[in-house]
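Q: The whole structure should be built from the sequences, with the hints applied where relevant.
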Amino acid sequence: MKAEEFGILIVDDEFGVRDSLTRWLEKDNYRVEAAGSAKEALLKLDTGSWDIALVDLKMPGMDGIELLQRIREIDEQIAVVIITAYATVDTAVEAMKIGAYDYITKPVDPDDISRLIQKALEHQTLAKENILLKSNIQEMQEQYKLIGESPAIRKCLEMVDTVSKTDSTVLIRGESGTGKELFARAIHLASHRRFCPMITVNCGALPDTLLESELFGHEKGAFTGAQYRRKGRFELADGGTIFLDEISTISPKTQIDLLRVLETKQVTRLGASKTLKLDFRVICATNENLESLIKEGKFREDLYYRMNVFTLHVPPLRERRSDIPLLVEYFVQKYVQAMNKPVRSVTSEAMDMIVRYTWPGNVRELENVIERAMVLCKRDRIDVDDLPFGLYAQVEGDNRDSLANVERAHILRILHRTDWNITHAATMLEIDRSTLYNKIKRYQIDR
Amino acid sequence: MAPIYCVPLDGFPLKILHEIGSELGRTFHAPVHFLPEVDTTEQSYDHSRGQHNSSSILVMLNSIIPTDHARIIGITTADLFIPIFTFVFGEAQIDGPAAVVSGQRLTNEYYGMEANNLIYYERLLKECTHELGHTYGLRHCLSDGCVMRKSTYVEDIDFKTSEFCPECRTYMEAK
Ligand SMILES: [Zn+2]
Ligand SMILES: [Zn+2]
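Going line by line, the protein sequences match chains A and B. Take 1 as the starting number for the first sequence in our numbering and just add one per residue. Take 1 as the starting number for the second sequence in our numbering and just add one per residue.
Note that these hints are calculated values from the structure, not bench results. Take every hint as true, because none was put in to throw you off.
Cβ-Cβ distance ranges computed for the label pairs, FRET-style:
#1 A:M339 - B:Y111: 56 to 66 Å
#2 B:G50 - A:M96: 28 to 38 Å
#3 B:P13 - A:M96: 45 to 55 Å
#4 B:P166 - A:Y86: 41 to 51 Å
#5 A:S49 - B:T86: 28 to 38 Å
#6 B:I65 - A:G16: 13 to 23 Å
#7 A:T224 - B:A174: 51 to 61 Å
Computed from a prediction, not measured in an experiment: that's the story for all the values here. Every residue gets a Cβ at the ideal spot worked out from N, C-alpha and C, and that includes glycine.
A: Right under this line is the structure:
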């Protein structure tokens, strides 16, 4: 990018500083403006676009810290550099913790400020990419949750591959806990948009009025409490992907607005007259039956068709049981690192129980169960005792809550506790040894 | 081309001023006039910093410029600063009439090295050409060796030439 494409805003109550610094930076071709107070700065932030704000810490009225906080609310991308005197370096360091890019101590060497600005601008240019690079690595790891060799997951991944090559809207359907967001990320990361952000909006988590301003942004004064301009999620997703989770929960009014945005790719901030032409891909997700919501008149059919260009069905865990051992191994490794516990694996009995369970909460429930087991586990392998009791009672079968199933699980547990000492186990179970042998045979329990 | 006025500030040696002045006249194809010495202490000296505020000097130079459209450059041996900076080699108004350059940090002695008049003269000429270039509207140039390259270290000044690169020269010739 050329220097003149970068905007630098200087905020200082001292005229001499503003004036000379403006002149000095203009010689490097930057677009420079100065504000004499935080208030004036907010006005300029409202009307112009800025890459760097050089903000004096001590100003009468609103100080640099408060201004920094306000800037963070309006725009996450501006690099705020705090100008401070030696005496207030502590505060400047605090400022870094709440999101200042850096600080300079007065008086500063011209070379230092040159380099700082250059660095900040490089940072700006790379910001999106850097954030992505960082989250990509994380995401790639998370993507391993998509691990699986079952035909069901294979089919899904093939679909991800196909749709990632298009720019079409995708509707991801699946029970809760199946990892719909992970599939959305996988599509995003496999697409040409991977160098721009994927912005996630959980539509179910916000009341309708908030959702609108969250999605579309708002101008200052657009509604009570809108003190400053704010970019909407669609704007933040420009160039990238927007992921709208729990899409079925949005109100009829927002459905109309959303339909218009999907059709025109244009967004108008609440309270604004100007529309913004944006470039984004939409991925929606739901665990509801949209077709019946349409029949009930709760969901617009035209929006449904607009969203539903491609549908990706994420299978529930019970339909891909063969992937469970791989997932278990993945989560064990994940929590071994996080908890620093010497747990290496899962006993075959525990694994057997895990594989047979119905998993109504899907992969998320599996992860929770493994995490809990890791906490409880006192040996180097997760055992039946470490699993929640619900699992014993609910192992899949034609009659999963049957006494037989519970009995099998209980015997298994006791055998483990006694390290397969049949005499001890029989004593604990208050049955004789031959009865125990018979039950082991009947329930096909093996070591 | 309108004239360039050269002003010795706070006892700057006239001999060097005249040499620099005539060289600037050749570079900018402008007649050069020399104004009497000005003492800037009262207006620009900052007691707490022990340096002269270059922006205040620019204000003063604006007030003494004799003719419209002319350029004026003050040269001093005093150390210059602008607020928040530790120092500046010089300052100029873009498209403005005034520029100021300090020789203080351009000598080898300042950096504890053996004095070298030729090097000092060259650095001073480069900085004066550079700051005057700004008064004609030139911004910093990224071409290697161009006098309009920004220098924040004395080594940067030594690295560049006292000449404009072809692009900056074309700009100046159109003036
Ligand atoms: Zn310059
Ligand atoms: Zn040049």
